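K.L.:
One letter stands for each residue in the lines below.
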Amino acid sequence: MTTETLIWLIPLPPLLAFFLILLFTKKDKRLSHSVGVGAAALSWLLGMLVFFAAIGVDHFGEHPFTSAIGWLPMDGEIFSIGVLIDPLSAVTLFFVAWTVLMIFIYSIGYHNFGQPKGKDDVPGLPPQGAEEKHGKTSHTVPSVEPLYSRFFAFIALFAFGMYTLVVSDNLLTLFVGWEIMGLCSYLLIGFWYAKPSARDAAKKAFMTTRVGDVFMLLGIVSLYSATGTLNFREILYNEHVLETLASTPSVVAGLSAAGLIGLLLFIGTVGKSAQWPLHVWLPDAMEGPTPVSAMIHAATMVSAGIYMILRMFPLLSAGWHHGGDLTAAMSTMAFIGAFTALFAATIALAQRDVKRVLAYSTISQLGYMVAALGIGAYVAAAFHLLTHAFFKALLFLGSGSVIHGVEHGVLHTGEHVDPQDMFNMGGLRKKMPKTFWTFLIGGLALSGFPILTSGFWSKDEILADAFANNHMAVFITLALAAFLTAFYTARQISLTFLGEARTKAADHAHETPRTMTLPLMVLAVFALAVGWVGIPEHFPVIGGLLPNWFHDFVGGTLLEHPEAVAFSMTPLLVSLGVALGGLGLGWLVYRDVKTGADDPLRKLLGPIYAVLENKYYFDELYERIFVGPAKRFSEVFSYLFVDRQLIDGILHGAARAAFSLGGIFRRYIDVPIVNGSGDLTADLTQRFGQVLRKVQSGSVQQYMLVAALVTFGGLFYYLFGVLQ
Amino acid sequence: MIPLSWYLVLSAALFSIGFYGVLSRKNSVAILMGLELMLNAVNVNIVAFWRFLAPENIAGQAFAVIVFAVAAAEVAVGLALVISIYRRQKTVAADEIDLMKW
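Taken in order, these protein sequences are the chains called D and S.
Under this note's numbering, the residue at position 452 of the first sequence is numbered 452, and the numbers go up by one with no gaps.
When you read off a place in the second sequence, starting at 1, and then add 1000, the result is the number in this note's numbering.
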């Protein structure tokens, strides 16, 4: 089989698994997860084969793997769809395959496979725990998820969406994968659909991303009408098309066609990757089970947004030359990205829920990538996408493991505390050593701990690029965000794992099963090692020991290979300073929080803390501007006025008129003439009917069958007549 | 170009599936759905014949549109009947609706 055939096959196993589980194996939990994990493993294997075939090709960017078939005949030409693996999608495929497989395996343990069924468990609610007897004593243990098989079906479909998106060679199938993921994120966030909060979160996520998707679709349509194709290579690897797009003016004054299309597509990313001002759905998406959070927030959906603008970068930057003025789309991205990075990082400071901190941190890190792309740091953005996928999946799965461990303690002690609140934890490093060490690695990578972790290399590259190209505002904002990132990471780790247990539940926490810790360890290895493929050549001491493979490889995706930035001490010192400073400060403030104590930051920040805790009141603002008026409009205008008064009024009037008219007819025509003759007919008919009533069997389908038989009989008779 | 026979096979398959549904489903709503399938199978047939045999006339499309209208009316009436039966009988199973039986 050729590599191209393998690429076609990559997305298929999860799709098959989805149908298999839903149609056939739903009853059997073991079979269902075997099908799901098996499909993920098969896709992983295909993905790895393709990836290693790709890195073996010289100048891969110029000779990518492509294959296409004609799909839709349009007038004159045929719209082709196909697969494309170039350096960017090869790297994306690599991290998607790994994280997806790990998340599938982790889900087995997370949903308590092998545990007894709880007697109070109902589908649509998280499992409540089951009584288990040990001789005379009995205690509560976690119980298995009631909708276990359905979960695997959904995440398999999700994986199918992501693989489709990655291997697509055109915007249309990319959009198809993109929307499949949108649907799955709705289904999965609302997985525990009996919880009102989960239902609301699912709706919110779906509708917020929809805002972005509509604009993105507009972008796709205008791109098609401007160029007549949606194929990536034909548009993005073609200087002529890009120049034409950059020089044609668009309907919006002052914007080129490329600029307008770029902006529209970017709005899609704003929705999907939860950038300000459409960031509100992502923290609420934490209502879903934790593997879902990892799936949506690390491996797939939010990465898809960044992947799309990375993919479309030549279009977004059409007309821009290295070192020159930024295009409209790029400066928008730089602004939104940098702003989001800082904005979300500040909110993360004041969150108590262990998963919510990570959610805001994700928004912030995605902002980093968007900003990096905005200032033209293509390779750095792709690099951060890669490292972030690994360490953020690790952190999310780690936090799930923590919650799982504390839940175990909650069930065991019967103490009613929120197992997700970090202030109810503490001292977990001794109870859950594997989770602790892997989480620590993830946390250090997130905060950019120097040299060892992957996060350092990618973040440093973004900062170095911003500095070298003199984008000082972006540089300072991102450095500040990096400092806050290190600080809240230290806060999270200190509150969760260090110090002493603050509740009995935390004291009875328990290490999670091997199916959960194994993915953590695999991801931890990547969170460390994946940064070493992109060490700048001129880095002091260790630069040049390993070639800067990532830059050469991914840079080849572009027509004009980007040059590596010259090395400079300032951004390095800044990134060292903010990472270590933030971590140290966070540890100092939070190392010794007592049971029931309030967040020490509240005292330091005063009223600002309340603003941060309430996420700058964005939810309230949107409620007031969009949701409230929409509700009032439908209540007052649509329902009370249009429906009740206008439409009902007309109907009632017509009814009254018809009613009185009917009365006249009845008295003078109906009763004497019609009824008279009718009754006579009826009498006759009745007698006739008494004879014929035996035919009425009462079964509609029997009548239908007789009618059909007669028809077919007649048809046969007629046809025979014609033939002879 | 895809040959005419493909459309006819598709249409026949659709018709048979719909017909099977009409005869075999107990649920009256499902029977209505089967009916819809049959009607649309006819549409496929009409449009295919029109396209292949007499594309210069508009009759084929006109017929298809009329079938749409009839189908819509039929569903409106059918569903209204089902609802009102359900209100009286608390069931939509076709074999339990036998008020008219002698």
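Everything labelled a hint here was simulated from the structure, so no lab data went into it.
Given the structure is predicted, the values throughout are model-derived calculations rather than measurements.
Possibly wrong hints are sitting among the right ones.
Pairwise CB distance ranges (calculated) [claimed, not checked]:
1) D:Ala655 to S:Asp1095: 35 to 43 Å
2) S:Asp1095 to D:Gly676: 48 to 56 Å
3) D:Ala655 to S:Ile1083: 15 to 23 Å
4) S:Ala1013 to D:Thr711: 14 to 22 Å
5) D:Gly713 to S:Ala1030: 24 to 32 Å
6) D:Asp670 to S:Ala1030: 56 to 64 Å
Glycine residues also receive a C-beta, built at the ideal position from the N, C-alpha and C atoms.
K.L.:
Now, for every hint given, state plainly whether the structure supports it.
P.N.:
Verification of the supplied hints:
| no. | hint | verdict |
| --- | --- | --- |
| 1 | D:Ala655 to S:Asp1095: 35 to 43 Å | holds (37 Å) |
| 2 | S:Asp1095 to D:Gly676: 48 to 56 Å | violated (40 Å) |
| 3 | D:Ala655 to S:Ile1083: 15 to 23 Å | holds (20 Å) |
| 4 | S:Ala1013 to D:Thr711: 14 to 22 Å | holds (19 Å) |
| 5 | D:Gly713 to S:Ala1030: 24 to 32 Å | holds (27 Å) |
| 6 | D:Asp670 to S:Ala1030: 56 to 64 Å | violated (39 Å) |
Of the numbered hints listed earlier, those contradicted by the structure are 2, 6.
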